[in-house]
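Trainee: In the order they appear, the protein sequences are chains A and B.
Position 116 of the first sequence, counted from 1, bears residue number 115 in numbering that gives the first Met the number 0, the numbering being contiguous throughout.
Position 4 of the second sequence, counted from 1, bears residue number 3 in numbering that gives the first Met the number 0, the numbering being contiguous throughout.
Honestly, I wouldn't trust all of these hints.
To be clear about the criterion: a stretch of chain A counts as covered by chain B if any three or more of its residues have a C-beta under 8 angstroms from a C-beta of chain B, and this derived list gives those stretches [as the list claims (entries may be wrong)]:
#: 1; segment: 94–100
#: 2; segment: 198–211
Part of the chain B face toward chain A, derived, beta carbon under 10 angstroms [stated by the list, open to error]:
#: 3; residue: P54
#: 4; residue: G57
#: 5; residue: V65
#: 6; residue: V70
#: 7; residue: R102
Coverage of chain B stretches by chain A, computed from C-beta distances (three or more under 8 angstroms per stretch; other residues unrestricted) [claimed, not checked]:
#: 8; segment: 74–87
#: 9; segment: 90–101
Derived by calculation from the structure, the hints in this document are not laboratory data.
A virtual CB, placed ideally from N, CA and C, is assigned to each residue, including glycine.
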Amino acid sequence: MKQKLVVIGNGMAPGRMLEHLIEAAPDAYDVTIFNAEPRVNYDRIMLSPVLSGEKTFDEIVIHGDGWYVERGVTLYKGHKVVAIDRVAKTVTSEHGETVPYDKLVVATGSNPFIIPVPGHDLAGVLSYRDLDDVEAMLLAAQSREKAVVIGGGLLGLEAAAGLKERGMDVTVLHLMPTLMERQLDPSAGYLLQNELQKRGIKVITEAHTARILGEDKVTGVELKDGTVIDASLVVMAVGIRPNVALAKDAGLEVNRGIVCSPAMSTSDPDIFSVGECVEVEGQVYGLVAPLYEMAKVLAGHLSGDVSKAFAHSETPTRLKVTGINLYSAGDFAEGDDREEIVLRDATAGIYKRLVLKNDKIIGIVLYGETADGAWFYDLMKKSTDISEMRDTLIFGSAYKGGAPLDPTAAVAALPLDAEICGCNGICKGTIVEAITSKGLTSLDEVRAHTKASASCGTCTGLVEGLMAATLGDAFNPNAVKPMCGCTDLSHNDVRRLIKAKELKSIPALMQALEWKSSGGCAKCRPALNYYMVCDWPDEYADDYQSRFINERVHANIQKDGTYSVVPRMWGGQTSSAELRAIADCVDKFDIPTVKVTGGQRIDMLGIKKEDLPAVWADLGKAGFVSGHAYAKGLRTVKTCVGTDWCRFGTQDSTGLGVRIEKFMWGSWTPAKVKMAVSGCPRNCAEATCKDVGVICVDSGYEIHFAGAAGLDIKGTEILGNVKTEDEALEHIVAVVQMYREQGHYLERIYKWAKRIGVEEIRRQIMGDADARKAYFDRFVFSQTFAQVDPWDERVSGKDKHEFQPMATLSKLQAAE
Amino acid sequence: MKGDVMNAFESEWISIGAVTDIPREGARCVDAGALRVAVFRTAEDDVYAIEDRCPHRGGPLSQGIVHGGCVTCPLHNMVIALDTGEAQGADEGHVTTFRTQVRDGIIFIAASDIASIAQTASAA
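Chain A with its partners taken away, still in its complex shape:
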């Protein structure tokens, strides 16, 4: 008989605990989770990159809806538990749901501490704790007005940097004389303050907040010395308190947190606790590494491994603000029995301080240059005697042996048990083992297999260095490949920054991202134009001069400078009237070649540029629109005859193909998109080598994607099965929109899928109905601006200059 395990709270600690537990004992428990937040488990420490615009919420989801379904876990979203009945062994949610348990895990986390000054409950005063807070801040940031962040600790500074990045005028108020005084000594705190001020963030230290001003909405903050700072948004980030109310009401032993043994059990042997709500041996924790350690211990105990016990350890701290590197760990207070080694380079903004006691490192503060953090931390954790290398210690691992090493060699020099990823407690040996035994070659793969650098990401450089050291030349960190010679930024960076900085024209982008050439080049300009068209469909004015000639004149240039024209034939179907119009057109304009294409269309080749508008006018009269055979966009949907004619057909494949094509034509994509719909698994439309394909089956539609039949040949991946034509359309549109938003320019779907991971795409499109619907809606919105027949526009006079010479000088005169 399975036991019933109920978990209250769906944050990172219980999420990690369940991962371990289900891996160790998949059939031991029926699991039910109550989450007060109306969403799945996400990476809370990555909220700052969401605030600054460097990541989207989807990118920080740890477990999508599919994860719970696949593991038979019941998740109540938006259900806050209001009571635990320890006698009846049940929990009850605010919506009246009562669920019995055999074992209970309380993971209620923490609450932000709100300073009880007058005005703290005004509208516009926020804490910084969950996605709701971030969304409220993003909304407020649209005003581009003034914000005050109370609290100059880790969270407060990340919030301040994020709001600044979003265009707000930000002031940080900090009670203490220097920033982040718990993690940094005064010197490093001062350097940090300078850097923030250089970025336009005002910092006031020793600022005592007296009250928050405003009638029904915040208008400012008043300090005890009478200073008033105007603000339409106040973020309080002064600390957290374990959320123990529920446990206390249930009569569990509570001190600062819920009192737990090193085995993570509370004063009730059937009730356990993990996360920020826990107090173990007098300590409470707020950083993710010890919380993950708790998760590991509890999963062990719940699955019968009682050997594990939680032990206190120091956790290094890093700040997740792009461009600011700081690292601190251990104890760095001054004392008579302590010595210190300090390195300062004011010009380079570098400060390093090691605190020593009895020839051992006990504290580390690094600012500006943090690459040796892991090495120092390893020496500290192991209490290594450093007297031998003391002379060069501060210069880091590179100088240990005298000769300087490159960064890869520095990682290579670390011992196998040196910790690389602090969040997840992953040491070097584990990563090297995974790389060699599983043949991993990309950062994403290493993250997927080991979780190293998959949480806060600050150790990404170390992991990449380790991959370079392990794989040698086989490791190619594609992530940093610049998009062209005009910039050092990758396609990924550029796409992210277009959204984050709301760059809405190519000149604005080149200015903001410091393009190295004056007008870009033929590589970046079309890419940038596509990204803008995709990201700002209603605001961006398509820059035709940044489009390749084919897309500029809506025909395909041929080697002799003539053009070819392919009219659209929906789903590959045509009629006698259409064929007659094509025949007439060929005769009238003396078109030398007519050819049937691989995508079930008719191609007319060898048309002079000057004739294009007249050719289109004739074709338009017969009802033809552009076939976009020249576009990085939706090309063709190839179909078989399906149930209309075929004795094997299971669905109306032609009808579905026509429907998809009519819905999606005109859309621009990173590279061309070719589709097909086959009416049965015999697959006469060859749907399994297309960018997106459908195989109709008796029970519905099997949706395929990421095939290729060009430079590369690759069968498709199955996205999933759906029952109705409507669902098929929604899924196809959603996956194409996801590709539109994430693909690099000229990157076909199969390459994008390889980069993102087929699993991840399935998770979002098949497993997350909300995400799918959102992609679908964004596509539909974008289509309202895209579905205009470009041929008709040009027949009506648009871009006339394209098709006529500017002037003609008579040959006679020229020859004189």
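Starting from the known structure of chain A, arrange chain B on it as the hints suggest.
Mentor: Same frame as chain A, but now just chain B:
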């Protein structure tokens, strides 16, 4: 100014149209018998005229993407500097250039440049 037969060669400079007839970062053609001239307008409104024929495989340079002071050929991506006609980067090649002048928004092209090339082109 389209399609006008020019009363050419009476003066040293032939007017071929207004700067605004050409889109910024774009080009238009001037036909002179067998010779086709591509007239470019850069983002800064500088005007350049070069032969509309890539030294690589004869591609129509007027159809390329204009960036900075260069154009990239639409056929195989050779990059040509508009002021000198020289191929950029590792490529080698040269395109004939024609002197231009802009007066009161009207573009003029050097008649003697056109005449000498057009003669060669029609003789060929």
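Trainee: Evaluate each hint against the coordinates.
Mentor: Against the structure, the hints:
no. : hint    : in the structure
1   : 94–100  : violated (count 0)
2   : 198–211 : violated (count 0)
3   : P54     : violated (15 angstroms)
4   : G57     : holds (8 angstroms)
5   : V65     : holds (7 angstroms)
6   : V70     : holds (9 angstroms)
7   : R102    : violated (16 angstroms)
8   : 74–87   : holds (count 3)
9   : 90–101  : violated (count 0)
Of the hints listed earlier, those the structure fails to meet are numbers 1, 2, 3, 7 and 9, in rising order.
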